[in-house]
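There are 2 protein chains.
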Amino acid sequence: MFFLRIVSVTLFIIVASEAKALNKNSNTCSEILGNELIEEIRSYENVKNQILEYVLNGDFKRKTYDELAKFVDKFGARPSGTEVLEKSIDYMIELSREEGLNDIITEDVVVPHWERGEERLTMLEPRIKNIEILGLGRSVSTPPEGITAEVVVFNNFDILEEAAEDLVKGKIVLYDPIFTTYGETVKMRTQGAAKAAAKGAVASLVRSIAPFSINTPHTGSQYYSDDVEKIPTGAISLEDADLIRRMYDRGEKVILNIQMSSTYDTQMSRNTLIDLKGSEDPEKLVIVSGHIDSWDVGQGAMDDGGGLFISWAAPVILKRLNLIPRRTVRAIFWTAEELGLVGAYAYEEAHKDELDKINFIMESDEGTFAPLGLAVGGNEKTRCIVGEVLKLFESINASTLVESDSPGSDIAIFTGNGIPGASLHNDNEKYFWFHHTEGDTMNVEDPDELDLGAAFWTAVAYIIADLSIDIPR
Amino acid sequence: MFFLRIVSVTLFIIVASEAKALNKNSNTCSEILGNELIEEIRSYENVKNQILEYVLNGDFKRKTYDELAKFVDKFGARPSGTEVLEKSIDYMIELSREEGLNDIITEDVVVPHWERGEERLTMLEPRIKNIEILGLGRSVSTPPEGITAEVVVFNNFDILEEAAEDLVKGKIVLYDPIFTTYGETVKMRTQGAAKAAAKGAVASLVRSIAPFSINTPHTGSQYYSDDVEKIPTGAISLEDADLIRRMYDRGEKVILNIQMSSTYDTQMSRNTLIDLKGSEDPEKLVIVSGHIDSWDVGQGAMDDGGGLFISWAAPVILKRLNLIPRRTVRAIFWTAEELGLVGAYAYEEAHKDELDKINFIMESDEGTFAPLGLAVGGNEKTRCIVGEVLKLFESINASTLVESDSPGSDIAIFTGNGIPGASLHNDNEKYFWFHHTEGDTMNVEDPDELDLGAAFWTAVAYIIADLSIDIPR
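Protein chains in written order, with our numbering: chain V, 2 to 474; chain P, 2 to 474.
Bound conformation, chain V alone:
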């Protein structure tokens, strides 16, 4: 999961993770929807049961997990701009064709290609110690001999900005925010280098944006500012950041040597669009989506292999069951999400004259643990409709509707601009334990939870795509 630099997304993450999940007040919704529409939605009970049965107990059981495992085991990490990402896109196209899905389009996207080289961080004083480091996306290299400097520690930008210039100038800044929510703390990673450079620092480090660690560094994006020097920047584990903080607080001088190398250019990649054409209004779209690129650590199984595969599963399952809804169900595999929603912005630009054809847009990019419901953006009637659809999923405990201004990461571009949509709400309490680490592997994924996710995702997409009315804006 990438983190969009617009305030509404920051707000969403806080809302989604902290606010009480709310189902719309039933009385109000029943007035808004009317009996006829409510009855229509309830009539999908049998179709929903058919899908759940096929995925949870039938031929599709464990299929999502097994296909995901084959995919991530074969390709491993799939960073933006690499050949392995393009091969993995080809693989997904072929896998879909084997399922008889032939309405497949790819759309070219120019994407950033930041490639990590050797990285080494060594504490020289008060004692020699190797420290695990993961450079942050787009970080510049150090000179070959590295940068050796004293550390100064801050846990928020206000203290940095108030600090005397000579406290920071020529130093390595370490930010050590204690994780509260991702939205609240991730800015120390995304903006840390630029803010430190503005005060004359020669490099910056950040305590990984995570609530738990077994000496685990977490990478992620960061953004330089055009008006200050680009300084090398990386993430270290909670443990090493806390060690340096304790030494610093004791008045010990901490001196580090940072060696980092990387390359940065642009390459061509592709968004992949797989359509199950609608029977009555094929130009109208219900989109299910996840991103196919990943960070360069781990396998990208959780971020976002799970979201990719439940979105792949939706047209596959519907095709296999010969359930063709009125509108088109389009699976999109976004490219280059991690370096700034690049594929999604390209889609928005390429389709800017037909965005009104998007009836509903869905994304899973916050884990595919047990599904709990949806985080929904849209007007009151939209939320009432989706809330009524979610009631069909009480048997699998996936009926919760979380209200959100702009749900999703890639799709926040659309939902933030008023297009109705939803992000998978799932039991992802441990998501940030693994996010952007070497631990993002198949071991995070569970076959039964993926089955639940795929069944839920498919059934929701079908019902919304088949309703007699469009989702209102």
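These are calculated hints, taken from the structure and not from any lab test.
Keep in mind that the hints are not guaranteed to be accurate.
Note: identical chains are not told apart, hence a pair may lie in one copy or across any two.
[To be verified] Below, a list of computed lysine-lysine pairs in the BS3-like style, where the Cα atoms sit at most 30 angstroms apart:
1. 254 with 75
2. 278 with 71
3. 88 with 278
4. 130 with 88
Following the hints, complete the assembly by docking chain P onto the known chain V.
Here is chain P on its own, set in the frame of chain V:
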């Protein structure tokens, strides 16, 4: 924590972790102890309260955590046979002297010195991938270019032993036991290389002995067999072991290159004995102990910095409070526990003619999370006495007595031979998440839990050392 290769300890670990904790039947114990002894034990209520108050709310509050942090931050890991271990021993002696403890003896011990060099594990087929590896203790080196061979995977020794010779010969054996209890699965680590070599393997790997991972390899001891070749051996993460298993099960040929280097010799080290001399029977000993050496990863804060520091705290707190019991309270900081209880065996040998002077021996080497009580070895009367003492700690929820044949790791040498003793029973469900990893740092430790542990440890030692009767054998 090391794992003693005698059956009784294996049994203990299983018993202690799986059996229901039992307090001795009160009726039986009241008959065995008699009213007078029960009243005597209950009369320590005030002393116990004084100790708890001093540590939990008084001048000693947070002291154990802060001193442990200063210690592990200064020295880091303290492997057997290294100069840093000896400096850390000197530091503990000085720290104790500053507290006015002057009855300090060190006893020389010849210890193993296995030093890890460069280690690198690369998957060559079916695709190139770096794999984190931690060589196991005493592993031999590979040639400089490494060993390149195909992998064969086993999840228990029976299947290995039944395998056709040409399935294993010339291969790298990977053991991938799923963690159940440490006692049940650790043999795949300790005996894996010897068993694989006997079948002609050229190297062996083991899925880390742990229930949870964020791509975390766990090191630990292993034992070669004199009658087969010594082959290089290391641990890999749960994630990478499971990846290789999936590839292997799909019929893919997995080829690895293992490069490992290390040195192995012996060095001199020391056990440290710190006495708070008893007022009436100073030759009789109540021992509190932990080991000062650690593995070469992490800080050795949990294994066994916490046990070391609550054992250091016991004579310090009693001295500060001028609570001098009848018998001597001896704190022992064992050396070279991790490579085979070497310090404890040396102590047993050096003191073999006076082992009857050990009235009770205590050890904390399974974490210093919130104390729950004691795992106790000894006869029925011993358990009744200790059970009665534990009742004094109901207010801090530390009254549980777990019966054990030979509690402890170092002290299992003594308790397994009938000397009464106990191991700290604590809320250590996550112990094996961090055990022998880079994640064994101060982040595992909690100031309040360490205060509870130090207070409990000190008060129990005081009461047993001050009772009117010896602990029976």
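Going down the list of hints, with the structure as the test:
1. In this homomeric assembly, residue 254 and residue 75 come within 30 angstroms of each other (Cα to Cα) only across copies, at 13 angstroms, whereas the closest approach inside a single copy is 46 angstroms.
2. In this assembly of identical chains, residue 278 and residue 71 lie within 30 angstroms of each other by CA distance solely inside one copy; the values are 28 angstroms within and 66 angstroms between copies.
3. Taking CA atoms no more than 30 angstroms apart as the test, residue 88 paired with residue 278 passes inside one copy only; the shortest distance there is 26 angstroms, against 73 angstroms between copies.
4. In the homo-oligomer, the alpha carbons of residue 130 and residue 88 lie at most 30 angstroms apart only across protomers (17 angstroms), although the nearest pairing inside one protomer, at 39 angstroms, exceeds that limit.
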